[in-house]
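Participant: Next come the chains, spelled out residue by residue.
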Amino acid sequence: MSDRRTPTWADDSELYDEYAYGQQQSHQQYGNGNNGYPQQNQQHQQYGQGSQQQYAQGNQQQYAPVDEEQQRYAQQESLRQYAQQAQTRPRAQTTYPPQQQAGAYQAGYFTETGSWRFDVHGRTTSYPDQQTYDTYAPYDPYASYTAVEPEPAPAPVAPEPQKPGYTLPPVQESAWAVDTRRSKLLGRGVLLCILLVQAGLSLRLSGTAFQDEALYVASGHYELANLLHGTKLPVDFAAYFSGHPKLYPVLAGAVDSQFGLAGVRLVSLFFMLGATGLLYSLTRRLFNLRAALGAAALFSVLQSTMVLGNFATYDAAAVFLLALSAWAVVRTDRMGAAAVLLAAPPAALAFGVKYASGLYIPTLVVLAVITAHRHRGIRSLGRGVVLGAGIVALLGIGYYFSGPLGGISSTTTDRAKGTDTAATMLQHSAEWGGLVFLAALGGTIAYTVRARMGEMPWIGGETSGRWRRATLGLVLTGTALLAPAYQIHLQTEISLYKHVGFGLFFAAPLAGLGMARLVGPHFRHPQLGILLYVLTLVFGMVQAQRAYSFPDSTQMTTYLRTVVDKKGTYLAEEQEVPAYYLRDKTDWTQWQNSYFMDYRGKDGKQYTGPDAFRQAVRDGKFDAIVMHGSVSPETYKAVKEGLKNNSHYRLAAVFPYTTSSGENAYRIWVKR
Amino acid sequence: MSFSVRRVRASRPVRALAATLLAGALLAGCSTFSEEGRDQYERGQGEKPGAEGTDEATESAKPEPPYDVRPLLQPAKDYLGVAADGAPAKMKAVEDFAKRAGKKPNLIEFYSAWGDQYEQELVQNSWDYGSVSFIAWEPFETSMKDIASGKEDAYIREYAKSVKELNLPVALSFAHEMNGFWYPWGTKKTSAADFTAAYKHIHDIFDDEGATQVIWVWSPNVTHPMPKVKLKPYWPGDDYVDWVGVIGYYAATGPNTYETLYGPTMTQIRVFTNKPFIIAETAAQAGERKPADIKSLFQGTAKRDDVIGFVWFNFDKETDWRINSGPLSEKTFREQAKNSSFGFDVTKP
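Keeping their order, the protein sequence lines are chains Z and R.
So for the first sequence, this note's numbering puts the first residue at 14; every next one is plus one.
So for the second sequence, this note's numbering puts the first residue at 3; every next one is plus one.
Keep in mind the hints are simulated off the structure, nothing from the lab.
Since we're looking at a predicted model, the values are computed, not measured.
Glycine included, every Cβ here is placed at the ideal spot set by N, Cα and C.
Computed from the model, here is a short list of chain R residues facing chain Z with C-beta under 7 Å:
(1) Gln-42
(2) Pro-67
(3) Thr-214
(4) Gly-239
(5) Asp-240
Looking at chain Z on its own, in the form it has when it is part of the complex (with noise of 0.2 Å):
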């Protein structure tokens, strides 16, 4: 017995259309063996209707005493009266008739009025003695009965087009994941607000110039005047420069003469900014926005991106110029071999501006070929080779015009080896970056095993390219270990924890690939990927912090300010920051530094090492000394000896600072 009325939402097309397109396809695509999620589904919306149905008509009806006899009436009238109608009336729904179904196997199908029927020619039909009844569904104790008096006959209505007015956009596969308008704003959003904290953090960090940082903007301003006005350079700076002094310091000392040296750290937090946006930019093409949002994150949480975001060196330069190079790459994945020229102007450049930055420049080869295999298959090798072609052809061009760059070999490719042992080395890099690169592991891992997450089981399984996935995991991921490896071969970890940030950021991608598959299909586990975010955060944080701790030598500076003059030398330990400083009162070559020193004593010899430092201070050969040992102790003590005894010096002050290595103090000796 039914003695529910068939809703009228039936025939609402917009219903069919919002709730049961997708259920129509799959309904067509697998056939029966879907059918029950979709009658679920309905029963759901009956139900819905219904008790709205109630509430609009029942209550005038249900307290109204009348007999059995005309309720009976009244509900064959009003299933005559509906049955009419639904066979009138045109259908907006010309998918579902069963006729068009007639090849695949079907169970079932939906009756005239709206209910269902099982296996119609089927089964039931072999019983000839069985009455053939409409089966119709379930008994809904919710469904109330409603219609006494039979409906005021419709308002004639306009008839309805033949085509709806709207066609609907294909369906995409992964209806999840998809980079829909919205799906890209939002994703815009939440990039947007990585970035505002990516920014707090590096401006959280404070401090006076750190040595490097005071070298390359004061030999900035003397390299602008070689270039503007032809000023003969105080020394060769190309021959002990990390990078091109015609490069980034220019920049630094253009930037520091208007804006100061938060002008030029400022400047360094855009290129880091640029960075990460990058970074979201070509993981989004490479994987998809989750992972993009998830490297983002990451990368902008590392301790080198924070500290290298306030840091004016070279650094930031670099790692942007990589970045745009990178994106270039996978940018012009789809396009002709040729266009993945506009990849090797900015890898070129990034050499330039730092030569450790050309240790990156195979995976950018690589990742040329890789991104294209996809599209290309073996013709993508090409595309690699136009790619190193073109950076080697630009950095020739380079260095024909720039002349011989001792620098190179000095600080980079032949730099002088260290003593620091690889186990510290390899610690303190997991310590930096392991989170992050233990991510990307899982990412390349989980990447090789299935190309997508399984967030709709419709779509096929299997994906092809496991080789390629598997390589571009690897490469990208083995990328953070250039660094480290490079520096335990040359046993020095000077500036590892800067260079740690430039292998990471080609990680980031498959870190965030991991970030995603960590939080899992339907944002399952929400937490791992808050666990992970915030562990690389605190991480960072803390790690910047100890990392961003040099002198602060305002007071020295400041005292100094009222020794120097234009004719005197001075001896200071990290001569730079106060020759940066006081560079309106001194020449740069006024300073000396605390490594390297010949000096003839007044006794006629020749010295060299401390010993020349020794001597040059008993003689009294310079007018001021700063020192506080901990850069150069060898001087320090040599220097501490030479003052023993000596009538030319006197301490004039001592400015004590404290760094997270610990608490020490500037000394000044000044001529008495």
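Put chain R on the given structure of chain Z with help from the hints.
Facilitator: Chain R in isolation, oriented as in the chain Z frame:
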């Protein structure tokens, strides 16, 4: 349905792997959050490890540069110094001296016993008056050996910090008259080596603390009461001394000219150092010769370029050393002090 089961199974090992790796990373990163790591972080923040407040940081950020005492070491003009009763706690005696001398003194000497704190207020008083303080630091109740061995370091360090904090120039004469036999740190109880070791030790602590405002005075007595005691063994070294503060009085008996009183001592000292002399304590015994002694002191000091002044012991102690012990003395002093080479503005030497 079977699909989702497979999915869960496929991702389970991945997630387990990720969890293991995360735990590994945590272990690897332990030193970031170790005790040492936390100290480093706090120091990086400019805080003292383990400390709650940030007083240290604010103190080190004090913008005032240390007072540069170099111009005071060898000024063009001579110091006119005085040690007077109650000064510089109360400046009445100094003002009285200035009125009688017709000139304000610019160096005020007072005595500080071992164990006394650095009297910032007195130094400030003196500076406000227009004088540099000259403290004779008398190491009673300790020994040179103890000082040199570091037993007194805490006190010395405290003293040095206090000097640095006040940031005003001060002349410090540690264990004066060390070549005499009358003090506990004198020749009878202390060897020259112990004296220099103690002197250097104190100096080193002051340097360590950055108390560069001190003018270091090495202050022997004139040699004639004990001619056998050689001064050179007591000399700490040129890098430890700014002034050689010779002490010698014009007494009723003994040498009574500038040359005979100070000459031999200065000659002996000039063999091993060229540091400037200052007469760290002097006066003339009341008597007929006093005006002549005063004249000798002024003129002898003015004549020698390497003597940068003297400190008049204006006390009535044992005998009346004051300039007003007699009208003629006072008059002579006033006349001699008129010499423009005595007295100068210590803020602009």
